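**Student:** Sequence:
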Amino acid sequence: MCGILAVLGCSDDSQAKRARVLQLSRRLKHRGPDWSGFYQHDDCYISHQRLAIVDPASGDQPLYNEDKSIVVTVNGEIYNHEDLRSCLPGHKFKTGSDCEVIAHLYEEYGENFVDMLDGMFSFVLLDTHDNSFISARDAIGITSLYIGWGLDGSVWISSELKGLNDECEHFEVFPPGHLNSSKLGGFKRWYNPPWFSETIPLTPYDSIALRRALEDAVIKRLMTDVPFGVLLSGGLDSSLVASIMARHLSGTKAAKQWGAQLHSFSIGLEGSPDLRAAIEVADYLGTVHHEFHFGVQDGIDAIEDVIYHIETYDVTTVRASTPMFLMARKIKSLGVKMVISGEGADEIFGGYLYFHKAPNKEEFHRETCRKIKAIHLYDCLRANKSTSAWGLELRVPFLDKEFINVVMSIDPEMKMIDMEKNRIEKWILRRAFDDEDRPYLPKHILYRQKEQFSDGVGYSWIDGLKDHAELQVTDKMMLNATHIFPHNTPMTKEAYYYRMIFERFFPQNSAILTVPGDASVACSTAEAIKWDAAWSNHLDPSGRAALGVHQSDYEQRLVPVKSTTKVVDNGQKSTIDKTVTELTMRS
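At position 420 of the sequence shown (counting the first as 1) the number is 420 in the working numbering, and the numbers step up by one without a gap.
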């Protein structure tokens, strides 16, 4: 992921202003360590920190049209850029960058081209003919983006809070699926899919169409000119992505450049559920697997850095971001610059464990709609910023626009969990890839119960965080929490601890307001808590808070057993006998 920062219409074209914008742009250098670009036209400044993924040799930004009157800085990937180029026969392209097409589309279609883009992106475009500008963010909010306003009349656009929080009188999250135009004088929603109205769909379930749609979404994300891999937790979603990648990688341009054997990556505490499952999937698929371990103290030591980079104090996001942050550092050190992951499946399929308690298909569907609309504040933010902190790009095929349209058009009756019919969460996805002739995954992996990432890396990770927070936050501090933090008042010591760290980095009221604060159980929205009266007394985002659903229900015992376990060192596999701790769940 790249870093973009634009300051537009600031009524100041001095050298001092230029120097300040350059200084702030360097706060985003971690996102794009390969190139720093800068452009100034009158009182408009555009800067770019590039992570070179497509056309590393000539795709430096900002990018321009033929006469350089249109200037654009982009963070993201446009997967259909070759098709779009073919629709612009009269235009001359100067680079092989997938993002250059944006400048030429603007020339042809004005501000009405954004829906033509298939990809993840945020961009700022300056038309120097009249110094008008537009900025836009992708449909779901996979890329991060913020907008702010200065007292001097300026508009600031930045990939991260830290690029603008010290300069703006007010700033906020740039809403996904929107564009902001100086000509319009505000926001306009460009993304208007059928599901957005939350009308209940009735399309029958077609397993073949669903499988084909996900395969298409994964294959298009193999567009890269740099080393790449897949994040493999061993859960259903990442395992399916890895399986599709492994199956279709051979013969692609990426395989010709970097080899046809896929590299996979996982992280967890020693003996964690995800590590055991991930190595089994890696063996099955034949990937070059890299397993990383971290200790609870390693994670605790990284918390302040994590919160600085992810720019949130949301409890579940901090919990899950920390192991991802540690893993991204390791992956980047191996020379890998792009990974594909399984984020988004639980939102569109209703895969979180609390969906077991959905009272009917109408409420089930409305909850999936609410989850997709809010994912940019949670999983997308985590995935984007935890990896961008180390100059690593992450792509998410489950959040492909076309794939979402396919899934969200299916009659939600088929998504409902029905144990009498042996339909567990995400059954329609599992069934679509249950191929007896050419299996994508082992059966027990294909039908493995959902584990949230912060749980799957090892249950003692969350318990260790809570114990650490107990040492940092006193009972007396909690008594005053409503006075110290009147907005989104932390209800636990863990939440209080994260909030203190966040406000040390981002003390402005606008920053505090960028973080959601609704109550949640097992990652639910506030509305879904009403599905089970017992949940109101167990408000914790961990999957184990889904009482009566998760196999451990926060109650588990440890039983040492003898097992043969794969131990991976620097991508080389060996088999040894090892005593591991297996989790035996109480029913």
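The set of hints was computed from the structure by calculation and includes no laboratory data. Fair warning: there could be bad hints in the mix.
[Said to hold, decoys possible] Computed list of lysine to aspartate or glutamate pairs in EDC-like fashion (alpha-carbon distance at most 20 Å, straight line): (1) 253 <-> 55; (2) 330 <-> 305; (3) 17 <-> 167; (4) 183 <-> 42; (5) 253 <-> 270; (6) 17 <-> 55; (7) 421 <-> 437; (8) 466 <-> 301; (9) 253 <-> 225; (10) 188 <-> 304; (11) 220 <-> 82; (12) 68 <-> 115; (13) 256 <-> 60; (14) 373 <-> 420; (15) 466 <-> 304; (16) 29 <-> 60; (17) 443 <-> 280; (18) 253 <-> 301; (19) 220 <-> 411; (20) 17 <-> 118; (21) 401 <-> 167; (22) 401 <-> 60; (23) 361 <-> 298; (24) 220 <-> 115; (25) 330 <-> 363; (26) 373 <-> 362; (27) 94 <-> 304; (28) 332 <-> 298; (29) 373 <-> 83; (30) 401 <-> 169; (31) 373 <-> 363; (32) 373 <-> 115; (33) 401 <-> 411; (34) 220 <-> 402; (35) 220 <-> 67; (36) 253 <-> 83; (37) 162 <-> 304; (38) 92 <-> 67; (39) 256 <-> 298.
In this text, all values refer to a predicted model and were calculated from it rather than measured experimentally.
**Student:** Which numbered conditions among the earlier hints are violated in the structure presented, ordered from lowest to highest?
**Tutor:** Result: hints 5, 6, 7, 10, 12, 13, 14, 18, 19, 20, 21, 22, 23, 25, 27, 29, 30, 35, 39 break, sorted rising.
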